[in-house]
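**Q** Single-letter residue listing:
Protein chains: 2
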Amino acid sequence: MSPKITVELLRQLRQAMRNSKCITEPIQAYIVPSGDAHQSEYIAPCDCRREFISGFNGSAGTAIVTEQHAALWTDGRYFLQACQQMDNNWTLMKMGLKETPSQEDWLISVLPENSKVGVDPWIIAADQWKNMSKALSSAGHSLVAVQNNLIDAIWEDRPPRPSTKLISLGLKYTGLTWQDKITALRGKMAERKISWFVVTALDEIAWLFNLRGSDIEYNPVFFAYAFIGISSIKLFVDSKRLLDQAVRQHLELDSPSKPDLTVQCFPYESVFTELEVVCAALAPKDKMWICDKASCALTQVIPKAHRSAIPYTPLCLAKAVKNPTEIHGMKMAHIKDAVALCELFAWLEKEIPKGTVTEISAADKAEELRSQQKDFVGLSFPTISSVGPNGAIIHYRPLPETNRTLSLNEVYLIDSGAQYTDGTTDVTRTVHFGTPSDYEKECFTNVLKGHIAVSAAVFPNGTKGHLLDSFARAALWDSGLDYLHGTGHGVGCFLNVHEGPCGISYKTFADEPLEAGMIVSDEPGYYEDGSFGIRLENVVLVVPAKTRYNYRNRGSLTFEPLTLVPIQLKMINTDLLTQKERDWVNDYHTKCRETIGAELERQGRKEALDWLIRETQSIV
Amino acid sequence: MSPKITVELLRQLRQAMRNSKCITEPIQAYIVPSGDAHQSEYIAPCDCRREFISGFNGSAGTAIVTEQHAALWTDGRYFLQACQQMDNNWTLMKMGLKETPSQEDWLISVLPENSKVGVDPWIIAADQWKNMSKALSSAGHSLVAVQNNLIDAIWEDRPPRPSTKLISLGLKYTGLTWQDKITALRGKMAERKISWFVVTALDEIAWLFNLRGSDIEYNPVFFAYAFIGISSIKLFVDSKRLLDQAVRQHLELDSPSKPDLTVQCFPYESVFTELEVVCAALAPKDKMWICDKASCALTQVIPKAHRSAIPYTPLCLAKAVKNPTEIHGMKMAHIKDAVALCELFAWLEKEIPKGTVTEISAADKAEELRSQQKDFVGLSFPTISSVGPNGAIIHYRPLPETNRTLSLNEVYLIDSGAQYTDGTTDVTRTVHFGTPSDYEKECFTNVLKGHIAVSAAVFPNGTKGHLLDSFARAALWDSGLDYLHGTGHGVGCFLNVHEGPCGISYKTFADEPLEAGMIVSDEPGYYEDGSFGIRLENVVLVVPAKTRYNYRNRGSLTFEPLTLVPIQLKMINTDLLTQKERDWVNDYHTKCRETIGAELERQGRKEALDWLIRETQSIV
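Keeping their order, the protein sequence lines are chains Y and X. Be aware that the first sequence starts at 3, since it is given in this note's numbering, and climbs by one per residue. Be aware that the second sequence starts at 3, since it is given in this note's numbering, and climbs by one per residue.
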């Protein structure tokens with residue numbers, strides 16, 4: 003991976019920062035956040051502005067360019083990758099390390115007095131704007147909204163915004179019609195005396211309307227906004243998409259069943275002016291919900307007196323708690339996914355000794371095997387297929403110039419997942435095709451102990467995920483080891499592989515209590531820079547737990563693994579496991595053998611079945 | 003315990019809320035927080051306003067009185083106690099339960115439109131004012147500062163503010179002179195370009211000046227404020243206290259060694275006007291530190307442009323990280339304290355069968371035995387001495403009307419501690435003098451497992467205490483049990499038994515990373531309403547841990563118990579312990595026997611020594 007040469011781009015950007023054609027008054031710094039106007043984590047090519055200017059293409063990071071400096075903040079998953087992708091015009095700011103300044107502190111330390119710091123108000127979230135603006139003001143600077151994006155101004159061949167075909171999902175997949183979802187949402191709005199809800203998150207809109215698109219790779223969403231009123235529904239979407247008969251029928255555009263369930267459609271670009279129109283017509287007591295992570299541009303249209311900014315929306319929570327149909331779909335998707343992975347590992351075992359399998363060809367094989375499964379739509383994120391030292395790059399993606407050959411001598415880590423019409427998967431396994439070293443086994447076993455500690459944890463109803471994070475780390479901490487990422491994220495159902503509002507992390511923001519029906523990942527790891535990476539990830543469902551007692555009738559919860567792919571026994575130092583942990587591994591493998599074995603048999607995939615049976619033997 | 007009758011008091015308060023002699027404009031609600039003008043947790047009798055109006059005398063709680071309602075918010079430690087102390091004019095608001103509204107939400111739900119909510123600006127912290135004010139404004143109400151406290155207006159026999167003798171501590175106890183501490187503080191101020199620091203917390207002032215008082219029972223502090231400038235020191239304290247020659251000498255009042263270490267003294271009451279004087283003389287760029295937990299009254303004197311509100315102060319952090327002299331003192335204090343407790347338990351064993359020992363007489367005996375130890379000053383908090391069902395009242399304090407006799411049939415919980423000139427102690431043991439039931443043993447053992455999980459935890463440098471809280475609960479959670487309080491608090495050195503900025507709790511606010519030299523408590527529990535209470539508390543010192551590896555050179559930490567009092571073996575179901583846990587118990591008891599045994603021998607306390615030896619036998 004060679005770094006992107008950014009000398010000329012930075013020169014052009016700095017020119018734009020002073021150019022009255024681009025900007026009403028010169029700015030001394032320009033912030034380029036990661037996201038799009040919907041604050042999406044994964045973004046369309048036309049929105050990859052931070053990558054365009056810096057070269058760094060990880061999923062999280064913010065670039066800031068001043069007259070003298072160019073700096074990029076990202077988290078521990080991406081330190082190595084960012085180092086490799088950026089040229090030496092850029093300074094990497096390693097978030098989470100004590101010595102790393104915050105963006106605000108850094109700006110204050112490098113800016114001349116009374117500086118103006120610019121940012122595109124569509125790209126920055128309202129809460130970030132507020133914090134940044136406050137910090138800069140307190141030091142005598144100011145944050146200003148730059149209406150025309152300065153990256154777009156210098157980006158000559160910027161791709162157009164995608165507008166892919168929409169597909170509508172029936173009750174069989176969703177469990178609830180979009181009309182039911184709107185009615186439930188309006189119930190919550192009425193409880194809080196809210197007259198409008200401005201929906202800006204793409205996955206919330208997709209979930210609410212039971213529609214999917216493919217505007218953003220890996221995330222089956224489409225560019226849209228929606229305003230849900232107590233008796234009206236406004237949907238902002240590229241109008242070409244509504245020529246499709248199936249979509250028209252699904253949304254009842256031509257024959258609405260009820261007046262208050264009539265969808266009014268507007269062009270995507272008219273969201274700003276239409277929000278102005280709606281706001282102008284508000285009664286004095288009317289309140290509008292908008293997520294505090296929505297864009298600053300849209301948030302500020304709503305007069306403060308009418309604005310009720312919420313840290314996460316009722317749709318976000320409703321979407322996170324899967325209904326029985328969604329849970330069933332997720333289970334089915336995970337069975338199909340496990341079939342593909344069992345086949346992959348059986349194939350790898352056979353092929354690797356020939357020396358012909360690379361990180362890329364292994365990832366391609368995984369995709370090919372998944373694509374043979376029913377209702378396969380695509381991958382849910384770029385496959386992380388990494389050998390040896392590449393495994394220590396937490397969100398590594400193999401490229402021709404980094405591509406390593408799988409061998410009998412190095413640890414192999416594969417983190418991959420798919421979108422099926424009935425569910426979304428995300429699974430990581432770390433394996434060795436030869437003989438792992440004692441140290442590799444020790445590290446793997448400590449990661450496994452952490453994985454089990456979370457998966458088997460019993461905790462009271464109402465517990466937030468961050469209270470479980472240390473369970474995943476305790477065994478590593480005992481040895482002086484750790485990993486610099488959270489332990490788990492919410493997973494959508496045929497939606498984004500990362501979703502809120504719950505998760506398992508030492509970070510405590512945006513962490514709603516876990517409840518039965520939520521689905522999260524459990525993925526501790528250990529990464530030794532330059533040597534190897536280990537991660538063990540299952541997607542798990544929050545389920546009620548049976549306990550001997552029931553303090554204050556609160557009830558207890560635990561996790562049920564949805565991912566059913568064997569954990570490589572060869573990597574485990576069983577001496578380090580307690581009896582309880584050994585029992586957990588054996589129970590898990592029995593479940594893999596029974597459930598996935600039956601499906602492999604049904605699909606007539608004999609080799610993978612043999613592999614599964616061998617890999618799920620009991621340990622003592 | 004019979005509830006306080008509050009009909010007449012509430013009538014008078016409501017009258018005052020409308021009376022133009024008390025208040026410039028009528029208010030529809032009045033908030034009575036717990037604290038004093040220094041936001042102290044323990045307060046002097048003249049400041050017990052919330053207790054005066056409601057009857058509830060726990061250490062935490064806020065009363066709100068409206069025309070129609072009177073409600074009191076407190077946390078899980080105090081639910082039972084508050085129920086018993088308040089008459090039915092009051093509604094108990096159980097904080098931490100899902101169904102309990104916040105004070106803001108409750109006010110909004112009960113107040114008529116455009117209401118005014120009053121509060122004494124000296125008693126409410128600036129950050130609380132801000133949050134409350136914002137929430138009320140958003141609902142059309144307003145928070146107003148009521149300059150004359152309305153409780154004081156109706157409190158006929160309110161005691162005067164205490165002004166006790168000050169004692170000065172030498173280097174032998176403090177390890178650093180006050181001049182050294184001021185110089186170090188000024189270094190931190192210079193780093194951040196701060197010209198003044200307004201110190202309002204009583205323990206910070208006591209620690210900074212190496213002075214102690216006894217204005218507040220259990221907390222060796224004195225009423226004072228201090229302004230520390232880059233070259234001047236202003237101390238606000240009752241001037242009578244400065245007639246004492248030893249104090250004058252200690253503070254070098256009559257012959258300052260250096261101009262910038264000259265202490266200017268002002269009357270306590272002049273803090274407001276003197277702060278106005280200092281603020282009027284500020285240069286445009288001058289910044290003043292004040293804790294965001296300082297009073298709203300004082301905070302608002304500082305113009306916003308000069309105010310730098312910080313969540314915890316550098317003194318708070320410096321005080322939390324004990325220096326070698328303080329650590330040595332704390333260890334000595336804990337040895338003396340353990341001697342007294344071994345004697346107590348040996349005495350209880352002998353006396354209880356006679357049926358003459360009560361909760362109160364046991365607490366008195368504990369105090370008597372502690373008072374025989376060198377440098378004893380007083381208790382560090384009211385002794386919680388509780389038998390059977392009283393043990394379930396988490397912060398129970400025996401009163402004549404609740405006083406129960408210790409017997410061979412009920413669990414006994416004693417949570418007690420003392421102030422010695424060299425250190426502060428806080429220890430809880432739960433014991434049975436007859437035969438505990440299997441269920442009691444099961445619960446005790448789960449609490450013990452939690453205690454050990456925290457005490458033996460190894461974690462990276464920089465870890466915040468809240469990440470350890472779940473370790474204390476995991477064994478209880480497995481059985482469906484839990485406790486509704488945090489796991490640990492910071493402990494001062496001959497200072498407040500509860501201090502910030504670190505602790506171990508599921509609550510994540512004001513939680514600075516743990517570092518070597520900090521001292522916290524480790525005190526999980528389990529409480530069965532109406533039956534029994536279990537708590538197991540040691541004070542522990544954060545120390546560097548040796549680990550096999552050292553990820554990114556971060557270093558690791560663990561805890562060393564300072565409390566060395568045997569844990570009753572009879573209460574343990576050893577079958578529920580892992581081998582590691584059994585080893586921990588045995589190692590701990592060996593340390594108790596060696597360290598406390600030697601001291602008991604030196605002091606010639608033979609009976610207690612025999613008891614100690616018997617109670618520290620190995621378990622298998």
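Just so you know, these hints were derived from the structure itself, not from any lab. Where hints are given, some of them may not hold.
Identical chains share a label here; the pair holds if one copy fits it or two copies do between them.
[Stated by the list, open to error] Derived DSSO-like pairs: lysine-lysine, alpha-carbon spacing no greater than 27 Å straight-line: (1) K333 <-> K136; (2) K333 <-> K100; (3) K6 <-> K509; (4) K174 <-> K289; (5) K174 <-> K509; (6) K509 <-> K100; (7) K118 <-> K306; (8) K466 <-> K167; (9) K242 <-> K195; (10) K352 <-> K572.
**Q** Please go over all the hints and tell whether each is borne out by the structure.
**A** Hint check results:
1. K333 <-> K136: neither (46 Å within a copy, 45 Å between copies)
2. K333 <-> K100: neither (41 Å within a copy, 31 Å between copies)
3. K6 <-> K509: Neither way: K6 and K509 sit 32 Å apart in one copy and 44 Å across, limit 27 Å.
4. K174 <-> K289: neither (35 Å within a copy, 63 Å between copies)
5. K174 <-> K509: neither (36 Å within a copy, 42 Å between copies)
6. K509 <-> K100: both (15 Å within a copy, 22 Å between copies)
7. K118 <-> K306: both (24 Å within a copy, 21 Å between copies)
8. K466 <-> K167: neither (38 Å within a copy, 48 Å between copies)
9. K242 <-> K195: For K242 and K195, neither the intra-copy (35 Å) nor the inter-copy (59 Å) Cα distance is at most 27 Å.
10. K352 <-> K572: within (17 Å within a copy, 59 Å between copies)
Taken one by one, the earlier hints fail for this structure at numbers 1, 2, 3, 4, 5, 8 and 9, listed in ascending order.
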